[in-house]
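Using the numbering used here, you'd call the opening residue of the sequence shown number 31 and step up by one each time.
Some hints could be false.
[What the hints assert, rightly or not] Taking CB as the label site, the calculated pair distances span:
| hint | residue 1 | residue 2 | range |
| --- | --- | --- | --- |
| 1 | Arg117 | Ala72 | 23 to 33 Å |
| 2 | Asp87 | Arg117 | 36 to 46 Å |
| 3 | Gly118 | Gly71 | 13 to 23 Å |
| 4 | Arg117 | Glu89 | 30 to 40 Å |
| 5 | Arg117 | Arg94 | 10 to 20 Å |
| 6 | Asp73 | Arg117 | 14 to 24 Å |
| 7 | Leu36 | Ala102 | 36 to 46 Å |
| 8 | Asp98 | Leu36 | 34 to 44 Å |
| 9 | Asp87 | Ser48 | 29 to 39 Å |
| 10 | Arg88 | Arg117 | 12 to 22 Å |
| 11 | Ala108 | Leu36 | 31 to 41 Å |
| 12 | Asp66 | Arg92 | 20 to 30 Å |
| 13 | Arg88 | Gly118 | 39 to 49 Å |
| 14 | Arg113 | Asp85 | 19 to 29 Å |
Because the hints were derived from the structure by calculation, they are not lab data.
Note that CB positions come from ideal geometry on N, CA and C, so glycine has one too.
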Amino acid sequence: MKQPALDPDVADVAPNESVLTTYDEQHLVTYWRLLDAEAAGADWKEVARIVLHIDPDREQVRARNAFDSHLARARWMADHGYRDLLRGGTTE
């Protein structure tokens with residue numbers, strides 16, 4: 031696995047596969063930032079703006095969908111996906 035980018039651009043919707051993807055590996059820092067923001071009780075709009083680089087005032091539906099899907103994926107990574115990372119990452 032390559033070193034993940036610190037602040038990568040994100041897709042409109044995060045992956046929903048039951049296995050670790052290359053996208054997941056590239057967005058590990060994004061996922062951890064989302065989990066940290068959630069734990070701190072941060073406002074989703076501010077998180078979308080800062081972490082996902084989507085302006086929720088101009089693109090509310092896109093921002094909300096990206097936020098929700100990436101947060102769900104971050105939770106999946108914390109509960110399940112990390113196991114694949116420990117085994118060496120994706121097979122792609």
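Legend entry - Distance restraint hint 31 to 41 Å, applied to the beta-carbon atoms of Ala108 and Leu36: The hint (31 to 41 Å, Cβ to Cβ) is violated, given that Ala108 and Leu36 are roughly 19 Å apart.
Legend entry - Range hint 39 to 49 Å (beta carbons of Arg88 and Gly118) holds or violated: holds (40 Å)
Legend entry - CB-CB spacing for Ser48 and Asp87 relative to the 29 to 39 Å hint: holds (35 Å)
Inset, instruction - Note whether the CB distance of Arg117 and Ala72 lies within 23 to 33 Å or breaks it. - result: holds (32 Å)
Inset, instruction - Could you say whether the range 19 to 29 Å given as a hint is met by the Cβ separation of Arg113 and Asp85? - result: violated (35 Å)
Inset, instruction - Could you check the hint for me, namely that Asp98 and Leu36 are 34 to 44 Å apart, CB to CB? - result: About 23 Å separates the Cβ atoms of Asp98 and Leu36, which means 34 to 44 Å is violated.
Inset, instruction - Note whether the CB distance of Asp87 and Arg117 lies within 36 to 46 Å or breaks it. - result: holds (41 Å)
Legend entry - Gly118 paired with Gly71, Cβ distance criterion 13 to 23 Å: violated (35 Å)
Legend entry - Distance restraint evaluation - Arg117, Arg94, Cβ atoms, bounds 10 to 20 Å: For Arg117 and Arg94 the Cβ distance comes to about 33 Å; the hint is violated.
Legend entry - CB-CB spacing for Arg117 and Asp73 relative to the 14 to 24 Å hint: Violated, at about 36 Å.
Inset, instruction - Kindly confirm whether 30 to 40 Å is satisfied by the beta carbon distance between Arg117 and Glu89. - result: holds (37 Å)
Inset, instruction - Please test the hint of 20 to 30 Å on the beta carbon pair from Asp66 and Arg92. - result: holds (23 Å)
Of the hints listed earlier, those the structure fails to meet are numbers 3, 5, 6, 7, 8, 10, 11, 14, in rising order.
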